[in-house]
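Chemist: Sequences and hints are given; from them, build the entire structure.
Protein chains: 2
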Amino acid sequence: MNHQIRLKSRPTGEPTAANFEAADGPVPETKDGEVLRRTIYLSLDPYMRGRMSDGPSYATPVQIGEVMGGHTVSEVVESRNPAFARGAFVTGYDGWQAYGVSNGKELRTLDPQVVPISTAIGVLGMPGMTAFVGLMDIGQPKPGETVVVSAASGAVGAVVGQLAKIKGCRVVGIAGGQAKCDWVVRELGFDACIDYKAGNLRGDLKEATPKGIDCLFENVGGEIFDTLLTRMNPFSRIALCGLIAQYNSAPYPMQNIGSVLINRIRMQGFIVSDDLSRWPLALKELAGHVAAGRIKYRESVANGLAAAPAAFISLLKGGNFGKQLVKLV
Amino acid sequence: MNHQIRLKSRPTGEPTAANFEAADGPVPETKDGEVLRRTIYLSLDPYMRGRMSDGPSYATPVQIGEVMGGHTVSEVVESRNPAFARGAFVTGYDGWQAYGVSNGKELRTLDPQVVPISTAIGVLGMPGMTAFVGLMDIGQPKPGETVVVSAASGAVGAVVGQLAKIKGCRVVGIAGGQAKCDWVVRELGFDACIDYKAGNLRGDLKEATPKGIDCLFENVGGEIFDTLLTRMNPFSRIALCGLIAQYNSAPYPMQNIGSVLINRIRMQGFIVSDDLSRWPLALKELAGHVAAGRIKYRESVANGLAAAPAAFISLLKGGNFGKQLVKLV
Numbered sequence: 012m013n014h015q016i017r018l019k020s021r022p023t024g025e026p027t028a029a030n031f032e033a034a035d036g037p038v039p040e041t042k043d044g045e046v047l048r049r050t051i052y053l054s055l056d057p058y059m060r061g062r063m064s065d066g067p068s069y070a071t072p073v074q075i076g077e078v079m080g081g082h083t084v085s086e087v088v089e090s091r092n093p094a095f096a097r098g099a100f101v102t103g104y105d106g107w108q109a110y111g112v113s114n115g116k117e118l119r120t121l122d123p124q125v126v127p128i129s130t131a132i133g134v135l136g137m138p139g140m141t142a143f144v145g146l147m148d149i150g151q152p153k154p155g156e157t158v159v160v161s162a163a164s165g166a167v168g169a170v171v172g173q174l175a176k177i178k179g180c181r182v183v184g185i186a187g188g189q190a191k192c193d194w195v196v197r198e199l200g201f202d203a204c205i206d207y208k209a210g211n212l213r214g215d216l217k218e219a220t221p222k223g224i225d226c227l228f229e230n231v232g233g234e235i236f237d238t239l240l241t242r243m244n245p246f247s248r249i250a251l252c253g254l255i256a257q258y259n260s261a262p263y264p265m266q267n268i269g270s271v272l273i274n275r276i277r278m279q280g281f282i283v284s285d286d287l288s289r290w291p292l293a294l295k296e297l298a299g300h301v302a303a304g305r306i307k308y309r310e311s312v313a314n315g316l317a318a319a320p321a322a323f324i325s326l327l328k329g330g331n332f333g334k335q336l337v338k339l340v
Numbered sequence: 012m013n014h015q016i017r018l019k020s021r022p023t024g025e026p027t028a029a030n031f032e033a034a035d036g037p038v039p040e041t042k043d044g045e046v047l048r049r050t051i052y053l054s055l056d057p058y059m060r061g062r063m064s065d066g067p068s069y070a071t072p073v074q075i076g077e078v079m080g081g082h083t084v085s086e087v088v089e090s091r092n093p094a095f096a097r098g099a100f101v102t103g104y105d106g107w108q109a110y111g112v113s114n115g116k117e118l119r120t121l122d123p124q125v126v127p128i129s130t131a132i133g134v135l136g137m138p139g140m141t142a143f144v145g146l147m148d149i150g151q152p153k154p155g156e157t158v159v160v161s162a163a164s165g166a167v168g169a170v171v172g173q174l175a176k177i178k179g180c181r182v183v184g185i186a187g188g189q190a191k192c193d194w195v196v197r198e199l200g201f202d203a204c205i206d207y208k209a210g211n212l213r214g215d216l217k218e219a220t221p222k223g224i225d226c227l228f229e230n231v232g233g234e235i236f237d238t239l240l241t242r243m244n245p246f247s248r249i250a251l252c253g254l255i256a257q258y259n260s261a262p263y264p265m266q267n268i269g270s271v272l273i274n275r276i277r278m279q280g281f282i283v284s285d286d287l288s289r290w291p292l293a294l295k296e297l298a299g300h301v302a303a304g305r306i307k308y309r310e311s312v313a314n315g316l317a318a319a320p321a322a323f324i325s326l327l328k329g330g331n332f333g334k335q336l337v338k339l340v
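Residue numbers (my numbering), protein chains in the order written: chain A, 12 to 340; chain B, 12 to 340.
No wet-lab data here; the hints were simulated from the structure.
A portion of the hints provided could be inaccurate.
No distinction is drawn between identical chains; accordingly, a pair holds when it is met within one copy or between any pair of copies.
Claimed, not checked - Here are the simulated DSBU-like pairs of lysine-lysine, each with C-alpha atoms no more than 35 Å apart in a straight line: (1) K307 x K42; (2) K208 x K176; (3) K42 x K208; (4) K153 x K19; (5) K307 x K338.
Just so we're clear, the structure is a prediction, and the values are computed from it rather than from any experiment.
Modeler: In structure tokens form, the structure reads like this:
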């Protein structure tokens with residue numbers, strides 16, 4: 012059977028387990044030219060919250076009764092396509108289910124000898140590419156500049172900060188809790204990390220950014236973003252990647268947009284999938300850093316597809332520590 | 012005597028007449044190499060509000076007791092510099108006073124035969140350059156796109172809209188009152204203009220921008236800006252030029268910044284004086300349009316330096332209709 016998690020109803024505010032429905036479908040048949048694979052890892056990402064709603068979003072909504080979408084790492088279990096051998100590991104977009112089938116055009120074959128296959132949906136997947144494109148193309152950090160990244164221990168934020176360190180920047184993270192902050196500084200080499208839960212965001216931020224902020228990679232939004240705006244330097248840049256703080260709630264009333272004018276800030280919202288032309292370069296550079304140990308990563312793994320809804324609900328509240336995966340096999 | 016208006020005290024909220032002080036200084040002496048000129052027109056501009064405060068701003072604050080700064084059009088009354096003949100008209104930055112003196116490096120000589128000299132501080136001065144640079148370099152409008160400009164009948168907005176029409180765009184203005192809206196549509200050729208005082212901004216905006224907004228030139232901020240954000244198209248641009256709605260008050264709590272992410276908007280705050288390299292090209296293009304009647308302009312003229320404070324206070328509330336000048340002579 013093909014175990015699946017489908018969207019049962021659209022959430023109002025925070026999603027609950029009741030918005031999801033476990034179901035079994037038949038394992039799809041494999042036609043000529045097609046590849047059947049079994050999901051090993053499913054990626055859970057904040058953007059999925061947008062797809063659960065049918066309001067305006069860059070993400071096409073999942074329909075009620077439809078399988079939730081998501082990036083996956085899988086093993087080929089049956090192939091009628093010469094490009095994919097049985098037993099090969101591939102990454103694709105099979106969603107929250109045990110099996111996927113297609114002509115393989117969207118798949119990329121993975122070499123488990125080089126790096127662990129789970130990296131294909133993390134540091135060397137969409138989150139890593141997001142970090143690379145947002146930091147390099149929008150943030151454009153120069154050596155000696157101060158780069159700040161929120162959700163610093165997350166799948167995207169951790170790569171942003173390490174890349175910025177490689178580029179010679181002072182890097183300040185923002186994360187929830189001392190454990191995440193310690194990891195970001197001690198393991199990833201950030202210069203500082205602010206625990207926003209410690210209750211002194213404004214003061215801690217001022218101390219950690221004595222020369223202001225030249226480049227902000229924003230994943231969170233809300234009060235944190237609004238406070239960060241007060242520390243931006245003239246001619247600074249903001250890569251607006253996510254607003255997870257308000258995905259489940261009414262928008263936070265931003266007070267400090269005037270800083271964009273006063274400081275002639277360039278702010279750019281972006282979605283990495285809008286422009287895939289940068290992926291080959293980004294993937295090559297990131298893979299080199301990961302293989303050499305210059306970029307480290309951390310994973311939170313939930314076991315079994317049935318654990319996916321709870322893990323996703325927790326992710327939206329910052330309950331993950333590093334890249335959130337679901338291991339199906 | 013050199014009549015002057017000096018900053019007497021810093022305003023809290025809306026400036027009042029009591030923040031200004033009329034005073035007489037001696038007419039400055041002219042040393043070797045210097046040029047003395049008598050002010051004919053003083054430009055009043057919203058940015059001056061920032062210079063009355065000492066909070067963070069792109070504009071250096073005027074000191075208490077100092078003459079208020081401002082762009083001027085003047086006549087040379089004494090010259091010990093061969094580059095400037097007595098009787099010549101020049102534009103410079105002499106501020107709120109009857110006479111100015113300097114070595115002339117910052118002056119530009121005007122030819123009254125080509126266009127009226129007052130244009131040098133309006134459509135062919137800083138406001139015109141602001142419109143050109145913000146629209147062309149940040150807005151980057153393409154033929155057929157929808158361009159929206161707030162404060163549409165103002166010195167900057169009127170040029171933005173007419174330039175966008177020349178570039179083949181659908182142009183929608185936002186202005187306060189039916190008279191301004193009528194002028195913008197009938198005289199300047201905008202496709203539509205919304206009277207934000209009519210009380211149906213959201214509905215009127217939806218009707219006037221059936222295909223959304225591709226390019227927003229924002230002069231106002233506050234509720235108008237927040238509402239405009241809900242109409243922005245994917246991959247649209249915002250040239251953030253001014254936030255006059257909040258210069259005298261607490262910032263408006265912006266609810267719709269999420270649109271920047273959802274629609275991958277590029278928003279850029281800018282001050283035209285940051286990059287003067289575009290001025291020669293912009294001036295040439297604008298002067299051609301003005302001389303040919305393709306770009307029209309309108310002036311509100313206050314008579315006498317003593318009228319400057321009241322005219323400025325009124326300007327901040329939208330009391331002007333077109334470029335606000337003070338005529339001294």
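Chemist: Take the hints in turn and mark each one as holding or not.
Modeler: Hints, one by one, checked against the model:
Taking CA atoms no more than 35 Å apart as the test, K307 paired with K42 passes in neither setting, with 40 Å inside one copy and 67 Å between copies. For a Cα distance limit of 35 Å, the shortest separation of K208 from K176 inside one copy, 25 Å, qualifies, whereas the shortest one across copies, 51 Å, does not. Proximity of K42 and K208 under a CA criterion of 35 Å is satisfied in neither setting, with 53 Å inside one chain copy and 63 Å between copies. Taking identical chains as interchangeable, the C-alpha atoms of K153 and K19 are never at most 35 Å apart, the minima being 47 Å within one chain and 43 Å between chains.
For the homomeric pair K307 and K338, the shortest alpha-carbon distance inside one copy (20 Å) is at most 35 Å, but the shortest distance between copies (66 Å) is not.
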